[in-house]
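A.B. asks: The primary structure of each chain is shown beneath.
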Amino acid sequence: MSDDRTERLSVLKTYKLFVGGKFPRSESGRVYEVTDHKGSWLANAPLSSRKDARDAVVAARKAFGGWSGATAYNRGQILYRVAEMLEGRREQFAREVADAEGLGKSKAAAVVDAAVDRWVWYAGWSDKVAQIAGAANPVAGPYFNLSTPEPTGVVAVLAPQESSFLGLVSVIAPAIVTGNTTVVVASERAPLPALSLGEVLATSDLPGGVVNILSGRTAEIAAPLAAHQDVNAIDLAGADPELARTLEEAAADNLKRVVRPQPVDWSADPGTGRLLAFLETKTVWHPMGV
Amino acid sequence: MTNPTNPTNPANPFEYAPAPESRSVVEIAPSYGLFIDGEFAEAADGKVFKTVSPATEESLSEVAHAGAEDVDRAVRAARKAFGKWSALPGAERAKYLFRIARIVQERSRELAVLESLDNGKPIRESRDVDLPLVAAHFFYYAGWADKLDYAGYGRDPRPLGVAGQVIPWNFPLLMLAWKIAPALAAGNTVVLKPAETTPLSALFFADVCRQAGLPRGVVNIVTGDGSTGAELVAHPGIDKVAFTGSTEVGKAIARTVAGTEKKVTLELGGKAANIVFDDAPIDQAVEGIVSGIFFNQGHVCCAGSRLLVQESIQDELLDALKRRMRTLRVGDPLDKNTDIGAINSAEQLARIRTLADAGEAEGAERWAPECALPSSGYWFAPTLFTGVTQAHRIAREEIFGPVLSVLTFRTPQEAVAKANNTPYGLSAGIWTEKGSRILWMASRLRAGVVWSNTFNKFDPASPFGGYKESGYGREGGRHGLEAYLDV
Amino acid sequence: MPTTVPAYGAEAAERLASMADVTATDGALRRFLHGLPGVDAVGLQARAAALGTRSIKTTAKAYAIDLAISMIDLTTLEGADTPGKVRALCAKGVSPDPTDRSVPKVAAICVYSDMVATAKRALAEAGGSEVHVASVATAFPSGRAALAVKLADTREAVAAGADEIDMVIDRGAFLSGRYLQVFEEIRQVKEACRRTDGSGTAAHLKVIFETGELETYDNVRRASWLAMLAGADFIKTSTGKVAVNATPPVTLLMLEAVRDFRDTTGVQVGVKPAGGIRTSKDAIKYLVLVNETLGADWLTPDWFRFGASSLLNDLLMQRQKLSTGRYSGPDYVTVD
Chain A
1 MSDDRTERLS
11 VLKTYKLFVG
21 GKFPRSESGR
31 VYEVTDHKGS
41 WLANAPLSSR
51 KDARDAVVAA
61 RKAFGGWSGA
71 TAYNRGQILY
81 RVAEMLEGRR
91 EQFAREVADA
101 EGLGKSKAAA
111 VVDAAVDRWV
121 WYAGWSDKVA
131 QIAGAANPVA
141 GPYFNLSTPE
151 PTGVVAVLAP
161 QESSFLGLVS
171 VIAPAIVTGN
181 TTVVVASERA
191 PLPALSLGEV
201 LATSDLPGGV
211 VNILSGRTAE
221 IAAPLAAHQD
231 VNAIDLAGAD
241 PELARTLEEA
251 AADNLKRVVR
261 PQPVDWSADP
271 GTGRLLAFLE
281 TKTVWHPMGV
Chain B
1 MTNPTNPTNP
11 ANPFEYAPAP
21 ESRSVVEIAP
31 SYGLFIDGEF
41 AEAADGKVFK
51 TVSPATEESL
61 SEVAHAGAED
71 VDRAVRAARK
81 AFGKWSALPG
91 AERAKYLFRI
101 ARIVQERSRE
111 LAVLESLDNG
121 KPIRESRDVD
131 LPLVAAHFFY
141 YAGWADKLDY
151 AGYGRDPRPL
161 GVAGQVIPWN
171 FPLLMLAWKI
181 APALAAGNTV
191 VLKPAETTPL
201 SALFFADVCR
211 QAGLPRGVVN
221 IVTGDGSTGA
231 ELVAHPGIDK
241 VAFTGSTEVG
251 KAIARTVAGT
261 EKKVTLELGG
271 KAANIVFDDA
281 PIDQAVEGIV
291 SGIFFNQGHV
301 CCAGSRLLVQ
311 ESIQDELLDA
321 LKRRMRTLRV
331 GDPLDKNTDI
341 GAINSAEQLA
351 RIRTLADAGE
361 AEGAERWAPE
371 CALPSSGYWF
381 APTLFTGVTQ
391 AHRIAREEIF
401 GPVLSVLTFR
411 TPQEAVAKAN
421 NTPYGLSAGI
431 WTEKGSRILW
441 MASRLRAGVV
451 WSNTFNKFDP
461 ASPFGGYKES
471 GYGREGGRHG
481 LEAYLDV
Chain C
1 MPTTVPAYGA
11 EAAERLASMA
21 DVTATDGALR
31 RFLHGLPGVD
41 AVGLQARAAA
51 LGTRSIKTTA
61 KAYAIDLAIS
71 MIDLTTLEGA
81 DTPGKVRALC
91 AKGVSPDPTD
101 RSVPKVAAIC
111 VYSDMVATAK
121 RALAEAGGSE
131 VHVASVATAF
141 PSGRAALAVK
151 LADTREAVAA
161 GADEIDMVID
171 RGAFLSGRYL
181 QVFEEIRQVK
191 EACRRTDGSG
201 TAAHLKVIFE
211 TGELETYDNV
221 RRASWLAMLA
231 GADFIKTSTG
241 KVAVNATPPV
251 TLLMLEAVRD
261 FRDTTGVQVG
271 VKPAGGIRTS
281 KDAIKYLVLV
291 NETLGADWLT
301 PDWFRFGASS
311 LLNDLLMQRQ
321 KLSTGRYSGP
331 DYVTVD
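Chains as they are written, first to last, in the UniProt record's numbering: chain A, 1 to 290; chain B, 1 to 487; chain C, 1 to 336.
Check each hint, because a few of them may be wrong.
Stated by the list, open to error - Here are the simulated lysine-lysine pairs, DSS-like style, with alpha carbons at most 30 Å apart:
#: 1; chain 1: C; residue 1: 57; chain 2: B; residue 2: 336
#: 2; chain 1: B; residue 1: 251; chain 2: A; residue 2: 51
#: 3; chain 1: B; residue 1: 418; chain 2: A; residue 2: 51
#: 4; chain 1: B; residue 1: 418; chain 2: B; residue 2: 322
#: 5; chain 1: B; residue 1: 322; chain 2: B; residue 2: 251
#: 6; chain 1: B; residue 1: 418; chain 2: A; residue 2: 62
#: 7; chain 1: C; residue 1: 120; chain 2: B; residue 2: 336
#: 8; chain 1: A; residue 1: 128; chain 2: B; residue 2: 457
#: 9; chain 1: A; residue 1: 128; chain 2: B; residue 2: 434
#: 10; chain 1: B; residue 1: 147; chain 2: A; residue 2: 128
#: 11; chain 1: B; residue 1: 336; chain 2: C; residue 2: 61
#: 12; chain 1: C; residue 1: 57; chain 2: B; residue 2: 322
#: 13; chain 1: B; residue 1: 251; chain 2: A; residue 2: 62
#: 14; chain 1: B; residue 1: 336; chain 2: C; residue 2: 281
#: 15; chain 1: A; residue 1: 51; chain 2: A; residue 2: 62
#: 16; chain 1: B; residue 1: 457; chain 2: C; residue 2: 281
These aren't lab readings, by the way, just hints derived from the structure by calculation.
Could you build all of it, start to finish, from the sequences and the hints given here?
C.D. replies: Right, here's the structure in full:
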């Protein structure tokens, strides 16, 4: 060992978008500076454009058939796999969350643990949601009548601005576990945990395009998503009231299902609200006779 | 053997004599006010409009036209009533709804005649479909009122408050029931606006509420046109908007409520595919096609307006369909043997004509059985178009009339692709004797209601509502409660 | 569409010969019958029920009542039947309402084969020889006898002057899938319907399925085609001797079968619901089914019949009500 050891220069990560299972740079070729809570530079994040949003919708739509057609068991296994992959990278995410949200080490670790557990919680819902949201309907006639929930399609998700990771997981998992595919707009100020999550998802057997993650200016990316005719629903969790109103108006053009922003304690029991928000009830009738 | 001949028409030996339902079972007043806070009152500005019988163009009554002031008064009355009504034990609310159900049953003949007069639909349908379903709907939701804790929406779910409800003219009283029954069961109070062309049965329903002893202000009925509906939807005092009607108006409502706390359910248009495979039970499929598009003159949001027939049986099926269409009896809605009544309004008739003409202009082949249409009133013969492609307007736009567009397919995959190739997603039909194919198809059709080997069946226990631009939320069943609970 | 010929005519045999490939072997026949469109029971029942709500009033009702009377196969099929009973029935059939000569005669008197001669004579004596005599045959009602016995039964009835033969199919053979055996049996009975008096004519053959024992609508459709391919002049629902007899849905299905058969072969076959049709209201419902499924072509006693006994008196009472405006009573129609 030599004595004139110099401190090792760390290898920085180039954060990229996660679209269609791949890690492209923004089509705009632009980035913006992401800082920690104190204002120190952390990384440059891609500044997504309208075209990135459009590409992400195409990827999500392409993935919808396969993902919604997969068995619930399969989707549950994959969500559980996400938890497994995340478990192994807890330290990395704790660091990123601490930087992003200005949390102490142990608090950041607790947030990441909660996020891992949230994946596990939602994984278990995959093959149960139809049993709480479906129904066998006793109609007044000789008909078999069954209502089952189905995913609504492509969901645009504006991730919460403050809770950069637990909040993020809490809006992605309930949307995809039922078979929807998503275009997620990461927290504008703290996008790095979201972009890193893409790397976990890419190694969790999740088919490409089921979750697409964009970073950039929320208002800029959300506008084309809210107006996009091939997006079926939008979760406005990360929109402020004024933006939310504008987006909801735009969403009316093709009657998107809209989840309005509301104060949420992301560490609390999430309930089934978001799980059920992006489901359609399909009712099938068939005569019974010989 | 002797063979009797029919004295009235030897050529058609079994010609049915007119069998009109008696009009005298219903007494229509020359004018009606708005039903607000348990009392009928004129509009603040005294405005009125006429409602006519679409079968004869005869004026039936003059009805108050509610303006902003009246809507405001109605919303205030509903708000005032909300406290007590929502605080009532569920079992008590249930009994009011059961009473309403029973009174509707008792007065069903009167209400059926009224509905046929004001709407133009055949008495056979108002008598055998609309009215029984109205009573059943109140009966069904009555039973929920004291069981909300068990509905799966958490312990002690709360009502939303005042519901503003806007309903269409195609099933006036049935849509009223779909809106009012779950709202009241959950503890909400309502302000309901019936359609401009069919206000009467809702006003008669006010009298049913009176007979049931329903507390004043729990149900308020404001009549008027689209402007009245817009006032209601935009009113800051309502907590919930429920609308059934066109997709265009549905979008406007969605825009209006953007950024508010108002909860919304929308049940909008459709362009349903009715898919017939070569192994279908043909005779029943023909009946299903006929009821799918000609039921209620085709004024049905979930009408099977696109017939997708497997190419291999196209000729056979169309022959059978045409033969069946020749037996449809078009005419006096009050005649018990009428199958197809009057088009609801001159405006709707014009729209149907425009689209049918567009179908011809775009090269589709038009066919209708010979049928004599009455000289006054609004009428349109049951019509089918063959040689229609996905690109034709009549394959894409909702006609809301007795017009069927026939398209073909070769494989199940193609059938699904064509069926789903529409911004709408309300309903679909599948006809095949192969069970596994039904389930495969049903799981791939993007529609809220899939009828397999049947069509246009409704039940209060069965959720109804659309995907995509056909709206959101469900009416009927346990799912229908969600729209009126704070969940 | 081929031109129409009646099932009982000479041309019908040629038409049926063109379908010979489907009846060539048991396998071919099975494939054909099982290839017929399925029947959705609920949809069929719903259609029959919907047609049952037609409101037939005034002139239409008067027409329908007379038509129904003219279509009745007035029936007595009891172990206790005697010549006296049969003669009374014949008198009733020729002159249903002794106080009103404008009432049409019934289509036929339906009896066991040993009563055929008695019935023929009685009808002639009552001045109603145009009223047919129909004889049940082929080990009615169970159909459980050797083929030779069934054929002998048929020949006997034809020889005694029967104008029509109402045979039963072997439901056991049908239900066990021996379609060709049922087909052959019908064909041979049809042969046995030929008169041996040199007139070259034949008794018309009605084939009874006992639909209550076939149980499924798919079976009824298959039985209908099988019988028509074998030469049936009429297809008939029931013997009246089992728990479930004619029903509107079964009859509607058979009407659809004769319609489709004519579309395919050009051969027109008649339909006869039998058993359980007791009221005018019921009878009119059946006529509505015929009217809206087949139209005027079948609205004659040549092509549609009711197998009934008590129905006639109810039709007569309704007829009296229509002409007098008063409700009638059982003492104003004759008991036979």
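A.B. asks: Taking the hints in turn, state whether each one holds.
C.D. replies: Quick rundown of the hints versus the structure:
no., hint, verdict
1, 57(C) - 336(B), "holds, 11 Å"
2, 251(B) - 51(A), "holds, 26 Å"
3, 418(B) - 51(A), "holds, 29 Å"
4, 418(B) - 322(B), "holds, 24 Å"
5, 322(B) - 251(B), "violated, 37 Å"
6, 418(B) - 62(A), "holds, 18 Å"
7, 120(C) - 336(B), "violated, 44 Å"
8, 128(A) - 457(B), "holds, 29 Å"
9, 128(A) - 434(B), "holds, 28 Å"
10, 147(B) - 128(A), "holds, 23 Å"
11, 336(B) - 61(C), "holds, 14 Å"
12, 57(C) - 322(B), "holds, 28 Å"
13, 251(B) - 62(A), "holds, 27 Å"
14, 336(B) - 281(C), "holds, 16 Å"
15, 51(A) - 62(A), "holds, 16 Å"
16, 457(B) - 281(C), "holds, 28 Å"
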